[in-house]
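Undergrad: The residues making up each chain are set out below.
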Amino acid sequence: MVDSFKWLPPTLKGYFEAMQIPAPESVPWTPLAKPLSEARIALVTTAGINVRGLEPPFDYEREQTQPTWGDSTYRTLPRDLRQEQVQTGHLHINNEDIARDVNVAIPISRMLELEAQGVIGSLAPTNYSFMGYQPDTTEWRERYAPEVAGRMKAEAVDAVLLTPV
Amino acid sequence: MNALARTFEAAGLATVVVNPMPVWGTRFGTPRTLGVEFPFGHPMGLPDEPELQMRVARAALDLLVHAEPPPPVVAHFDEPWPGDFDIWKRAWHPKEPSPIIRWMREQAALRAQQQREGQ
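In order, the protein sequence lines correspond to chains W and R.
The opening position of the first sequence corresponds to residue 1 in my numbering, with each subsequent residue numbered one higher.
The opening position of the second sequence corresponds to residue 1 in my numbering, with each subsequent residue numbered one higher.
Just chain W, with the same shape it has in the complex (with noise of 0.2 Å):
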């Protein structure tokens, strides 16, 4: 069974343990529709990330001066992604790893292979990247999210992969 403290310095693991939670009203459910094998994946990760040249950086600078805010916008990467293109910059974890290989954070190389093998239907056009820090998530829950959801949708997708970090 997975700790889920385990990596954490005690002051934010006792922080975290004593958060107050409201148990939430109810669980949503969509079962996949489809064998694995004919099924489209996207994959969702939240660290921060965007394709160089392509999408601007997430507003970090905004984030230094202002700490209890975190850029709640997304951006996209494509199912081709070329780790040269992957610029990183997330203000709370060590990026050196996923500059190295992005799969660590969104697996794009594992879902091409798991597609070319025929497990999975296909890796979905686009993919999505988020920043994870967000003290408020209610630009999340009432823009982004149902904005991401759509344009899934409009590719096809039936499942998603998400790694937060």
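In case anyone wonders, no lab produced these hints; they're calculated from the structure.
Possibly wrong hints are sitting among the right ones.
What the hints assert, rightly or not - From the derived model, a few chain R residues whose C-beta atoms are all more than 12 Å from chain W:
| id | residue |
| --- | --- |
| 1 | 15 |
| 2 | 31 |
| 3 | 66 |
| 4 | 99 |
| 5 | 100 |
| 6 | 112 |
| 7 | 114 |
| 8 | 117 |
Said to hold, decoys possible - Subject to a maximum C-alpha distance of 30 Å in a straight line, what follows is the list of computed DSSO-like cross-link-like pairs (lysine-lysine):
| id | chain 1 | residue 1 | chain 2 | residue 2 |
| --- | --- | --- | --- | --- |
| 9 | R | 95 | W | 153 |
| 10 | W | 13 | R | 95 |
| 11 | W | 6 | R | 95 |
| 12 | W | 34 | W | 153 |
| 13 | R | 89 | W | 6 |
Positions of the beta carbon are idealized from the N, C-alpha and C atoms, including for glycine.
Given the coordinates of chain W, assemble chain R onto it according to the supplied hints.
TA: Chain R in isolation, oriented as in the chain W frame:
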């Protein structure tokens, strides 16, 4: 991340979250969570270790296919982190403290100073 998964799932997309803190899957009501006892920034494993990354990916897809309601469903990837704990408990942190950590330390120092001056 849980807010994203819940919104996608409610929109008709099946989701699975690979999370180093699977406790949030239960507490926030995330449909499917695969817990990985990996340091932050590394949900899929180590760089240039495609076999490990693939085992995590396959475990997540397996949960996507086989998880049975009622949600939240939380499963656990059973491989330990291959790196040394004492090194990695520090190595995942950013080189500079994040803005919020820096701010909290400044506030604590300020309070301590005010207490000293008040004495």
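Undergrad: Against each hint, give a clear statement of whether it holds in the structure.
TA: Now the hints, each set against the structure:
1. Not every Cβ of chain W is farther than 12 Å from the Cβ of residue 15(R); the closest lies at roughly 5 Å, contradicting the non-interface assignment.
2. Its beta-carbon lying about 6 Å from the closest one in chain W, residue 31(R) breaks the requirement of being farther than 12 Å from that chain.
3. A beta-carbon of chain W comes within 12 Å of the beta-carbon of residue 66(R); the shortest separation is about 10 Å.
4. Not every C-beta of chain W lies more than 12 Å from that of residue 99(R), the closest at about 4 Å, which undercuts listing it as non-interface.
5. Here residue 100(R) does not stay apart from chain W, with its beta-carbon only about 4 Å from theirs, under the 12 Å limit.
6. Distance to chain W confirms residue 112(R) as a non-interface residue, since its nearest Cβ pair spans about 15 Å, more than 12 Å.
7. Every CB of chain W lies more than 12 Å from the CB of residue 114(R), the least distance being 20 Å, so the non-interface label holds.
8. The non-interface label for residue 117(R) is consistent with chain W: the shortest C-beta to C-beta separation is roughly 25 Å, beyond 12 Å.
9. With a CA separation close to 39 Å, the supplied pair residue 95(R) and residue 153(W) exceeds the 30 Å bound.
10. Using a Cα cut-off of 30 Å, the hinted pair residue 13(W) and residue 95(R) holds, with the two alpha carbons roughly 20 Å apart.
11. The straight-line distance between the Cα atoms of residue 6(W) and residue 95(R) is roughly 20 Å, inside the 30 Å bound, and the hint therefore holds.
12. Of the supplied pair hints, the one linking residue 34(W) and residue 153(W) holds, its CA atoms being roughly 15 Å apart against a limit of 30 Å.
13. A C-alpha spacing of about 8 Å is found between residue 89(R) and residue 6(W), which places the hinted pair at or below 30 Å, so the restraint holds.
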